[in-house]
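Visitor: Spelled out from the first residue to the last, the chains are:
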Amino acid sequence: MHAVYPLVLGALLFAIGLYGVLARRNAIAVLMAIELLLNAVTLNLVSFSAILRDRYGMGQIFTLFIITIAAAETGLGLAIVLLVYRQRATADLGEQRALAEPVEPVTADELSPRNVEAEVAR
Amino acid sequence: MSILAASSTTATFVAPHVEFGKLSPMLIAFGTATLGILVEAFAPRKQRYGIQVGLALVGIAASFAAVLALAGTTASVVAQGSVAVDGTTLFLQGTILVISFVAFLVIAERKTDQNQDAFAAQGASVPGSAAERETTRRGWQTTEVYPLLMFSVGGMLLFPAANDLLTMFVALEALSLPLYLVCGLARHRRLLSQEAALKYFLLGAFSSAFFLYGAAMLYGYAGSVNLAVIAQHVAHPTAGSTLLYTGVALLGMGLLFKVGAAPFHMWTPDVYQGAPTPVTGFMAAATKIAAFGALVRVLDVGLGVNSAENVWRPVMQAVAIITMIVGGVLALTQRDIKRMLAYSAILNAGYLLIGVTSTTAQARAAVLFYLPVYGVAIIGAFAVVTLVRDAGGEATDLSRWAGLGRRAPIPAALLAVFLLAFAGIPFTSIFIGKFAIFQAALAAGSPDLVIVAVLASALAAFFYLRVVVVMFFSDPLPQGPTIAHPSIAVKTALAVAAFATVALGVAPSLLLHLANNSAGILAK
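From first to last, the protein sequence lines are chains A and B.
Residue 1 is where the first sequence starts when you use full-length UniProt numbering, and the numbers rise one by one after that.
Residue 1 is where the second sequence starts when you use full-length UniProt numbering, and the numbers rise one by one after that.
Be a bit skeptical, because a hint or two may be false.
Here's a subset of chain B near chain A, in silico, CB distances under 8 Å, partners left out [stated by the list, open to error]:
1) V126
2) E195
3) A209
4) V225
5) Q334
Now the stretches of chain B that chain A is said to cover, found in silico as 3 or more residues with beta-carbon under 8 Å [stated by the list, open to error]:
6) 167-175
7) 178-190
8) 196-204
9) 217-223
Hint data in this document are derived by calculation from the structure and do not stem from the laboratory.
Just so you know, even glycine gets a beta-carbon here, dropped at the ideal spot from N, CA and C.
Using the sequences and the hints given, assemble the complete structure.
Guide: This is the structure:
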């Protein structure tokens with residue numbers, strides 16, 4: 001088996017994950033896509049570890065760390081998604097628009113002393 | 001080449017030598033966090049708040065004492081090459097600890113809002129539900145935030161010290177994961193807070209995936225994740241540089257996300273606006289310091305060779321320019337003070353990136369000087385924001401701030417000091433910081449960056465001064481926000497921040513000297 005195959009597979013998995021993160025609207029689906037990204041990385045690390053014949057197996061150790069931390073990360077992520085879902089009955093990322101750039105940007109005029117005075121008079 | 005023929009020669013296992021003394025600042029921070037979890041499990045609910053706050057403050061102070069004890073020891077790489085304890089590390093760790101101490105004083109505040117802190121009584125309950133009413137009736141309050149934030153402080157101490165990419169990744173996650181959670185725990189405006197947590201988490205996890213892919217590429221290139229080994233391979237290349245450059249680009253994306261540089265800044269305004277304000281102050285100051293420390297270490301220790309520098313420098317310069325333009329221009333259109341301060345944080349990341357791209361020792365010292373003075377000022381600014389309150393929590397809309405200077409001269413004057421410092425008025429600490437960075441950039445031969453930075457500063461002065469004008473030169477609104485009377489802890493925090501901002505502007509030589517001495521020493 002040629003050494004480049006697992007690396008190409010890793011890159012393809014990463015690309016699929018990237019597409020998932022950017023295109024999916026559901027927070028859970030995005031979370032799954034992020035897992036796919038991490039798995040692509042672990043595949044890369046393990047294959048580099050084998051290709052390089054690393055005496056210390058650094059790639060494999062790194063992989064174990066990633067698996068552990070990814071588990072913690074997913075647990076935390078699911079908790080946050082659940083919290084948002086309970087509150088809004090939707091986990092759609094397109095609906096999360098409470099924080100965004102102001103639709104009508106504040107103008108210098110609006111905040112000028114004279115206008116604030118006018119507001120006070122009203 | 002067959003990858004199935006795995007290596008048959010396995011190294012004999014030698015017990016690693018760990019220098020616990022040199023790692024003590026981080027160990028104390030993580031130990032305090034673990035103790036905090038035990039307190040949460042065993043201490044009676046009524047006493048938890050006092051114990052947790054005391055424990056966290058003592059832990060930070062002890063960790064700072066450990067940093068002071070280590071100052072002056074020879075720079076070395078400890079724990080089998082994975083943590084570098086040198087002048088830069090200790091300077092940044094000391095800065096992070098001082099800023100965390102001030103931030104914890106503001107986070108622990110309960111006097112401003114009817115004996116409640118900024119956090120939801122129970123993070124998991126839906127606002128307005130029966131469960132929530134019951135918790136409020138019994139007077140239960142969250143104290144988990146203190147151990148969580150201590151874990152974050154531990155991660156921040158490790159992040160700029162990490163000398164290999166694995167340690168750096170673990171530190172990155174240790175500092176980020178608790179922050180994702182704490183962002184979603186605001187008592188008021190829970191909707192915004194939870195949305196901020198969701199956005200921060202998804203984008204943060206996304207960016208750490210990029211960081212990891214970059215680390216994997218660099219491992220494939222150098223056969224090791226140690227920055228010193230990577231530097232050797234960069235200096236004497238044995239293979240093509242495709243893996244190197246892809247790896248550096250991906251790794252850089254992960255780090256620039258944490259720094260909050262454009263075009264990876266999208267999370268910053270949303271998260272800073274939605275998160276509980278005391279936590280926003282902590283994030284804006286401490287996370288940025290830790291992330292810049294890590295960025296400097298990767299670029300200086302791992303990629304400090306001339307051939308590599310010539311590749312990453314133009315890219316980073318472009319990022320610095322885009323960051324300054326985005327931060328300066330978008331801050332103009334904001335009507336929410338927290339969002340405006342978020343864009344100001346992005347703008348300041350741009351100035352710091354100028355210092356990072358000029359790789360001279362002078363520029364390093366300027367960056368080290370800028371980080372603490374910026375951190376102290378932004379924590380002070382957010383602490384003032386926590387005091388201006390409406391029925392529904394903090395009044396963050398700028399139009400509500402009209403005439404605040406007449407109704408509450410002291411908080412308004414303090415905010416004015418911080419904003420004038422951000423605007424770069426002489427005799428403030430940030431003026432000296434900016435001057436040092438611009439001077440270093442000019443000396444390193446990049447006048448174009450300095451021109452953009454000065455233009456961005458002029459733009460920034462407009463929106464900082466606008467807040468000052470609204471506060472002092474407008475009549476107060478009839479039903480304007482009330483000003484909370486904070487406890488002595490917040491008063492101390494504000495006084496320290498304002499004093500440091502002015503004092504370091506008038507007499508900066510002590511900190512400049514310290515930054516100069518610390519900058520040159522990078523253990524490799």
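Visitor: Out of the numbered hints, which ones does the structure contradict?
Guide: Nothing - there is no hint that the structure violates, so all of them hold.
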